[in-house]
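**Q** Protein chains in written order, with my numbering: chain A, 1 to 394; chain B, 1 to 171.
Certain hints may be false.
[To be verified] In silico SDA-like links for lysine to any residue, alpha-carbon gap of 20 angstroms or less:
id	chain 1	residue 1	chain 2	residue 2
1	B	162	A	56
2	B	165	A	56
3	B	165	A	321
4	B	162	A	347
5	A	316	B	106
6	A	316	B	61
7	A	316	B	86
8	A	316	B	25
9	B	162	A	324
10	A	9	A	248
11	A	23	A	46
12	B	165	A	120
13	A	23	A	146
14	A	316	B	23
15	A	248	A	272
16	A	316	B	103
17	B	162	B	117
18	A	316	B	26
19	A	248	B	2
20	B	162	A	298
21	A	316	B	15
22	A	248	B	34
23	A	347	A	66
24	B	165	A	215
25	A	316	B	24
26	A	316	B	164
27	B	165	A	318
28	B	165	B	140
29	A	23	A	194
30	A	316	B	2
31	B	165	A	66
32	B	43	A	23
33	A	316	A	126
34	A	316	B	162
35	B	162	A	272
36	B	165	A	298
37	A	316	B	22
38	B	162	A	58
Note that these hints are calculated values from the structure, not bench results.
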Amino acid sequence: MDTQQEPRKTFVVPIGPQHPALKEPGHFEITVDGEIVTAATVRLGYVHRGIEKGVEQQNWTQAMYMLERICGICSHVHATAYALGVEALAGVQAPPRAQAIRVLVAELERVHSHLLWLGVAAHEGGFDTLFMYSWRDREMIMDVLEGLTGNRVNYSCNVLGGVKFDVDDTHADAIRRAIDFLEPRTHHYLKVVTTDETLIGRTRNVGTMTSLEAETLGTVGPTARASGVPRDIRVDAPYAAYPDFPVKTITATAGDLEAKFVVRIQELFESYRVIREILDKLPAGDLAVRMKPRIPPGETVSRVEAPRGELFYFLKSAGGLNPDRVKVRTPSLCNWGSVLATAPGHKLADVPMLIAGIDPCFSCNDRLVTVRRRSTAETWTWAKLRQYGIEYYR
Amino acid sequence: MDLEQTVVAAETLLKPFAVGAPSREASRLDVVIRRADLPAAVKALVDARWGYLAAITGLDHPWPKPKPGAKPAEPPAEPVGPVEDRLEALYQFVNGALVATLRVSVTYHDARVPSICSIIPSATLYERELYEMFGIIVEGTPDTGRLLLPDDWPDNTYPLRKSFKGLNSAV
Chain A
1 MDTQQEPRKT FVVPIGPQHP ALKEPGHFEI TVDGEIVTAA TVRLGYVHRG
51 IEKGVEQQNW TQAMYMLERI CGICSHVHAT AYALGVEALA GVQAPPRAQA
101 IRVLVAELER VHSHLLWLGV AAHEGGFDTL FMYSWRDREM IMDVLEGLTG
151 NRVNYSCNVL GGVKFDVDDT HADAIRRAID FLEPRTHHYL KVVTTDETLI
201 GRTRNVGTMT SLEAETLGTV GPTARASGVP RDIRVDAPYA AYPDFPVKTI
251 TATAGDLEAK FVVRIQELFE SYRVIREILD KLPAGDLAVR MKPRIPPGET
301 VSRVEAPRGE LFYFLKSAGG LNPDRVKVRT PSLCNWGSVL ATAPGHKLAD
351 VPMLIAGIDP CFSCNDRLVT VRRRSTAETW TWAKLRQYGI EYYR
Chain B
1 MDLEQTVVAA ETLLKPFAVG APSREASRLD VVIRRADLPA AVKALVDARW
51 GYLAAITGLD HPWPKPKPGA KPAEPPAEPV GPVEDRLEAL YQFVNGALVA
101 TLRVSVTYHD ARVPSICSII PSATLYEREL YEMFGIIVEG TPDTGRLLLP
151 DDWPDNTYPL RKSFKGLNSA V
């Protein structure tokens, strides 16, 4: 601050935790000088549920279902990362057909997640027509996933050692029909986000991040790739069936919000291609191998590419029936740094777009504890929680 | 760069700091280092632009419980084994398919590690999580406010330590 003159007064705009801009709770303190942002901080944890601690009390199989509920949007990648890690610790490998189905569901999930993001980002930019259309189209994928797995979210596709269900011709046809419908729509959306004057006004040269910044800030996923940093676990360290069904890394060089739109939309085409390829060449064979309930002692790291970027799991077994430690580092946590670093210099009105730009997922990076007043504190046992769930849905 | 070259590059960079031989497993390289060497080791990786920091994982290795009927073992005043009765912080760097882990062990009564935020500014969120969940004090980290836990969470209560069994019993 300049000490020679009267110190300039700064004004802090608190946003959240509950706010109209995003559907999930997060608290931001945006320091502004007039309309220009000079600093930004974030406070997370409003939906922290203690899952890392919780799984230490579950057995290896139960833990997978709990971990799948870390995120409602990219639930399948959590279960996949965990299942692959546990299989690595146990020294077993899921059959090829199971690995291909895992990738198939993961790519369908990526399509639904990217379309969801497209709608949210368009909405933040005030373009509600695009929001409505992209979410309408997203329903195609939700229907396909529901037909395939029985659920719109939390598909419970994985079991330790394989997958739970098969993909038959009826499913394959339904998926192909959905993709055939979505592909021309996606071309149209790509044209809209690169030519619509109003949207470009909100996205072009906004929140620009150079590739060096993206690299040093440790960003991952589409956020990094939009700045020309080719980080994609599906390519860097192929897992499950990705060695047999390789994907191409999509990058852009501009690094602004428009590039984030373009990268995500172009990734949709890549997902469509892989989904079709898997349906055409689905390997025959078993769906799962049997696994013992005790996992041999050891440590492993399991990494998968979630729709938002690299999902990092660290698993430690002490040789018992339950995990000794499960560490989850989700892509949103990596990408927060980029929002806080690029916000200064922008208008306050751009902040919701910048936040939406990384496709943040609060549930993912939070994961703990019911917040409660001390006076009414009550510990729920697992049995009681389970009973509550059964009664609730009866 | 293929996997083996990446491994060799990491081993060369971390060799001056390694305590004992690094352990290697398919796509992982674990290097045990001394707490004081942490910033230098991190700087060596960052200066060489070797990958990026993917996560800081905390681990709790409590003194093992005695078997039923056996006389409880007295925890020694100074930690003895490489794994037991310690907290451990794992700094996981990723380059392509390889995960290189810097392992730093600290005792419960002296649970502190130096901050690496001056080298990697984005590590601040991971360091705050490490402190909140495991009570490993990160010396020199720029922001020590609550990140994930509620504002009225009791002090000196670290939920991911093995001794934490729930709030009611901990308070």
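**Q** Give a verdict on every hint.
**A** Here is how each hint holds up against the structure:
Between the alpha carbons of residue 162 of chain B and residue 56 of chain A the distance comes to roughly 9 angstroms, so the proposed pair stays at or under 20 angstroms and holds. Between residue 165 of chain B and residue 56 of chain A, the direct Cα distance comes to roughly 11 angstroms. Compliance with the 20 angstroms bound is thereby established for this hinted pair. At roughly 19 angstroms between alpha-carbon atoms, residue 165 of chain B and residue 321 of chain A fall within 20 angstroms of each other, so this suggested pair holds. Straight-line distance between C-alpha atoms of residue 162 of chain B and residue 347 of chain A comes to about 46 angstroms, which puts the hinted pair past the 20 angstroms bound.
For the proposed pair residue 316 of chain A and residue 106 of chain B, the alpha carbon gap of about 19 angstroms is at most 20 angstroms, so the pair holds. The straight-line distance between the Cα atoms of residue 316 of chain A and residue 61 of chain B is roughly 11 angstroms, inside the 20 angstroms bound, and the hint therefore holds. For the proposed pair residue 316 of chain A and residue 86 of chain B, the alpha carbon gap of about 16 angstroms is at most 20 angstroms, so the pair holds. For a cut-off of 20 angstroms, the pair hint linking residue 316 of chain A to residue 25 of chain B stands: about 15 angstroms separates their Cα positions.
In summary, the hint linking residue 162 of chain B to residue 324 of chain A is supported, as the alpha carbons are separated by about 9 angstroms, within the 20 angstroms threshold. The hinted pair formed by residue 9 of chain A and residue 248 of chain A fails the criterion: a straight-line CA distance of about 50 angstroms is larger than 20 angstroms. Between residue 23 of chain A and residue 46 of chain A the CA atoms are separated by roughly 12 angstroms; this keeps the pair inside 20 angstroms, and the hint holds. Distance restraint check for residue 165 of chain B and residue 120 of chain A: the Cα-Cα separation of roughly 39 angstroms exceeds the 20 angstroms cut-off, and the hinted pair is therefore not satisfied.
At roughly 23 angstroms between alpha-carbon atoms, residue 23 of chain A and residue 146 of chain A are farther apart than 20 angstroms, so this suggested pair is violated. For the given pair, residue 316 of chain A sits about 16 angstroms from residue 23 of chain B by alpha-carbon distance, which is consistent with the 20 angstroms threshold. For the suggested pair residue 248 of chain A and residue 272 of chain A, the alpha carbons sit about 12 angstroms apart, so the restraint of at most 20 angstroms is met. Restraint check: the Cα-Cα separation between residue 316 of chain A and residue 103 of chain B comes to about 14 angstroms, which is no more than 20 angstroms; the hinted pair holds.
Pair hint residue 162 of chain B plus residue 117 of chain B does not hold up; C-alpha atoms about 27 angstroms apart against a cutoff of 20 angstroms. With a C-alpha separation of about 16 angstroms, the suggested pair residue 316 of chain A and residue 26 of chain B falls inside the 20 angstroms cut-off, and the hint holds. Note on residue 248 of chain A and residue 2 of chain B: the hinted pairing holds, with a Cα-Cα distance of about 18 angstroms set against a maximum of 20 angstroms. Between residue 162 of chain B and residue 298 of chain A the alpha-carbon distance is near 18 angstroms, which keeps this suggested pair within the 20 angstroms criterion.
Restraint check for residue 316 of chain A and residue 15 of chain B: the C-alpha separation of about 26 angstroms exceeds 20 angstroms, so the hint is violated. For a cut-off of 20 angstroms, the pair hint linking residue 248 of chain A to residue 34 of chain B is broken: about 41 angstroms separates their Cα positions. Restraint check: the Cα-Cα separation between residue 347 of chain A and residue 66 of chain A comes to about 40 angstroms, which exceeds 20 angstroms; the hinted pair is violated. Proximity of residue 165 of chain B to residue 215 of chain A is assessed by CA-CA distance (about 39 angstroms); at most 20 angstroms being required, the pair is judged violated.
Distance check on the hinted pair: residue 316 of chain A and residue 24 of chain B sit about 16 angstroms apart at the alpha-carbon level, within 20 angstroms; holds. Between residue 316 of chain A and residue 164 of chain B the CA atoms are separated by roughly 18 angstroms; this keeps the pair inside 20 angstroms, and the hint holds. A hinted pair counts as satisfied when its Cα atoms are at most 20 angstroms apart, and residue 165 of chain B with residue 318 of chain A qualifies at roughly 19 angstroms. Between residue 165 of chain B and residue 140 of chain B, the direct Cα distance comes to roughly 30 angstroms. Violation of the 20 angstroms bound is thereby established for this hinted pair.
As the CA atoms of residue 23 of chain A and residue 194 of chain A are separated by approximately 26 angstroms, the hinted pair breaks the 20 angstroms bound. The hinted pair formed by residue 316 of chain A and residue 2 of chain B fails the criterion: a straight-line CA distance of about 27 angstroms is larger than 20 angstroms. Restraint check: the Cα-Cα separation between residue 165 of chain B and residue 66 of chain A comes to about 19 angstroms, which is no more than 20 angstroms; the hinted pair holds. Under the criterion of a C-alpha separation no larger than 20 angstroms, the hint pairing residue 43 of chain B with residue 23 of chain A is inconsistent with the structure, at around 39 angstroms.
Between residue 316 of chain A and residue 126 of chain A the alpha-carbon distance is near 46 angstroms, which puts this suggested pair outside the 20 angstroms criterion. Taking the CA atoms of residue 316 of chain A and residue 162 of chain B, the gap is near 14 angstroms; set against the 20 angstroms cutoff, the hint holds. Straight-line distance between C-alpha atoms of residue 162 of chain B and residue 272 of chain A comes to about 45 angstroms, which puts the hinted pair past the 20 angstroms bound. Proposed proximity of residue 165 of chain B and residue 298 of chain A is contradicted: the alpha carbons are some 24 angstroms apart, above 20 angstroms.
Between the alpha carbons of residue 316 of chain A and residue 22 of chain B the distance comes to roughly 18 angstroms, so the proposed pair stays at or under 20 angstroms and holds. With a CA separation close to 14 angstroms, the supplied pair residue 162 of chain B and residue 58 of chain A stays within the 20 angstroms bound.
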